[in-house]
Amino acid sequence: MALRSMRKARECWNFIRALHQGPDAAPVPQKDAVKRIFSGIQPTGIPHLGNYLGAIESWVRLQDGHDSVLYSIVDLHSITVPQDPTILRQSILDMTAALLACGINPEKSILFQQSQVSEHTQLSWILTCMVRLPRLQHLHQWKAKTAKEKHNGTVGLLTYPVLQAADILLYKSTHVPVGEDQVQHMELVQDLAQSFNKKYGEFFPVPKSILTSMKKVKSLRDPSAKMSKSDPDKLATVRITDSPEEIVQKFRKAMTDFTSEVTYEPASRGGVSNLVAIHAAVAGLPVEEVVRRSAGMDTARYKLVVADAVIEKFAPIKSEIEKLKMNKDHLEKVLQVGSARAKELAYPVCQEVKKLVCRKVVAETANYAPVSSLSFFPFGMELSPFILAEHIVTGRNYISQPTLQQGINLFQPMG
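FYI, the numbering for the sequence shown is 1 to 415, going by our numbering.
Hint data in this document are derived by calculation from the structure and do not stem from the laboratory. Each residue gets a CB set at the ideal place from its N, CA and C atoms; glycine is no exception. Since no wrong hints were added, every one of them can be taken at face value.
PhoX-like cross-link-like pairs, simulated, lysine-lysine; straight-line CA separation at most 20 Å:
#  : residue 1 : residue 2
1  : Lys253    : Lys234
2  : Lys318    : Lys234
3  : Lys323    : Lys313
4  : Lys145    : Lys216
5  : Lys313    : Lys215
6  : Lys143    : Lys226
7  : Lys313    : Lys216
8  : Lys333    : Lys108
9  : Lys226    : Lys145
10 : Lys108    : Lys35
11 : Lys226    : Lys253
12 : Lys229    : Lys318
13 : Lys318    : Lys328
14 : Lys198    : Lys208
15 : Lys215    : Lys229
16 : Lys354    : Lys198
17 : Lys323    : Lys333
18 : Lys199    : Lys355
19 : Lys216    : Lys234
20 : Lys145    : Lys229
21 : Lys355    : Lys198
22 : Lys229    : Lys216
23 : Lys216    : Lys226
Computed spacing ranges between beta-carbons, pair by pair:
#  : residue 1 : residue 2 : range
24 : Lys328    : Glu187    : 33 to 43 Å
25 : Leu211    : His138    : 15 to 25 Å
26 : Trp125    : Lys198    : 15 to 25 Å
27 : Lys328    : Gly296    : 48 to 58 Å
28 : Gly284    : Val357    : 46 to 56 Å
29 : Trp125    : Ser260    : 52 to 62 Å
30 : Leu285    : Thr86     : 41 to 51 Å
31 : His138    : Glu322    : 42 to 52 Å
Construct the complete structure from the given sequences, taking the supplied hints into account.
Take a look at the structure:
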């Protein structure tokens, strides 16, 4: 009888303690069987031709072929150089509009704003404590940027690749589409995953690179440099929202050489080869076919052919961007919902990492209610930003009770 009473008392105590503390983070599988793709893009406003051909176009293909895909607008990366907050906020919305117009579908992939998922910076700090200073100082991008800017750079710029590693590992990503200039950073990501696994046990998949088929799109004015929004020569970069007149002008002024024949010889004829590569990419043709069709055409005429192909490719995208930019609420909602979905994946992984590193998980506060109590709301309801603020903990499906009630009061049907 006494033994039964003791067992009953222990069960009651365990139940009360569970109510007070809240449940632990859900265990995360050691190895994800499902392939997960992650990639990010800085909010530089409207993307240029190089962004589209080098990344965004392949993103659209990847989301159509895989079940778990995340794309992040990495605003924390952008502040490694000085930013005007007002301009940055608008650039985030402009990039969101551009990605949607290019074909990124929030129903097929998770599109979110990096800074709205705090676990990115938490994991970044843990990984920063695992990497040696010389390793970061010897990365090509760090040396190139500090040499160009003629100063030592900020700590944020130095640790940029570690935050990049956190972005990828936080979601246990298995594959990452990258350009050639990011290969060295991916090696750091892989090394950090392996180092963490060696120290704390198998936890992170070692992600693999998916190299984009399109090589770097070069500047139209300097074929030795890649196309960049920051290029001081305004004729060097084609933005996907440029008018037909602007596109024609930029290609007409594109640097070539004194040979009029159209050929593809990147080593010796960089300017013409850049035009051929762009033409092939926007037309969806092999380079060899583009060269064959251009036989007998001089480079002056060929520049206009390439310009027409680019105009035709971007006309519907440009029109859709203009429509989307008129609906700021929709763009913000896409990012809010995407950030909440990303948080659901990030939170339990980060909790498990902290448990491995610190050997203890801090208990959640007692005043939590399951998010499942929101499940009766129709799909077409707007999720208030109040609920999607920092105190949401969707990874464990918990929201504080006062916030839940205030959020319910703020729910309004979409128009």
